[in-house]
Amino acid sequence: MSTHTEQQTPAPEAGTRRVAVVTGGSRGIGRAVSHKLAEDGLAVVVNYARDASAADETVKAITGAGGRAVAVQADVAEEKEVAALFDWAEEEFGGVDVVVNSAGRMALSPIADLDLAALDAMHRTNIRGTFVVARESARRLRTGGSFVGFSTSVVGTQFPTYGAYAASKGAVEAMTMILARELRGRDITVNTVAPGPTATDLFLDGKTPEQIDRLAKTPPLERLGTPDDIAAVVAFLGSPAGHWVNGQILRANGGMV
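For the record, in the sequence shown the residue sitting at position 195 is 195 according to our numbering, with numbers rising by one throughout.
Keep in mind that the hints were calculated from the coordinates and are not lab data.
Treat the numbers as computed from the prediction; the structure is a model and nothing was measured.
Glycine included, C-beta positions come from ideal geometry on N, C-alpha and C.
Careful, some of the hints might be misleading.
Using C-beta positions, here's what the derived DEER-type ranges look like [what the hints assert, rightly or not]:
#1 R50 to D113: 24 to 34 angstroms
#2 P10 to A84: 20 to 30 angstroms
#3 F159 to G64: 17 to 27 angstroms
#4 T143 to K207: 39 to 49 angstroms
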């Protein structure tokens, strides 16, 4: 077993602000998570891959509301960049208590037609990226900390054209309980949130109004989820109140089967 896994990082001192790293934290669900965690009193490291302006806007909105946040660039699939991201969080804020890996990529196509370059790019972010961030989290999270990954409810619904995307997220779900068990004795939780149809640019892109309306009516609540709906679930899992939930896949989808 790695010495990193065996080492326990002490919990923050009482009264110390907890610290979150949110990958893909400048857009869509990630941005909503960054805002929610900041509202809950955490200092937030807003990670982004390319869009520095969106990250800066997220940070300005958080700090303008009285929170603490910084934007840090890193490709989640690059281990040295992710290590540097965690180094920055530790040096600036003193440690890491919550990691939310919301960085992701989606390419939709029938399996017979999908370009393998698109498959490789998506799996690099969704599988390798999740693994790299989870590995660094296992090494760095302080006692009492939480790791939250992202899947999709399509792993269960199995809609056509989502084959490659669902496969990449199925890998995330497979890691969840394994990592939770590997962190036994360190008081760190590992969970994955699997949203249903959620009104983000990533979800809406390329869909007709008719497709969107049909998907919105699928859950018994008969609406699309919002980024804030998902952020509330993530914030619960990363909070002391949610710390008894461990090794779980939470289908946050309004009851969609």
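Evaluated hints:
1. R50 to D113: 24 to 34 angstroms: holds (27 angstroms)
2. P10 to A84: 20 to 30 angstroms: holds (23 angstroms)
3. F159 to G64: 17 to 27 angstroms: The hinted range 17 to 27 angstroms is violated for F159 and G64, with Cβ atoms some 39 angstroms apart.
4. T143 to K207: 39 to 49 angstroms: This hint holds: roughly 43 angstroms between Cβ atoms.
This entry does not satisfy hint 3, going by the numbered hints stated previously; all others are met.
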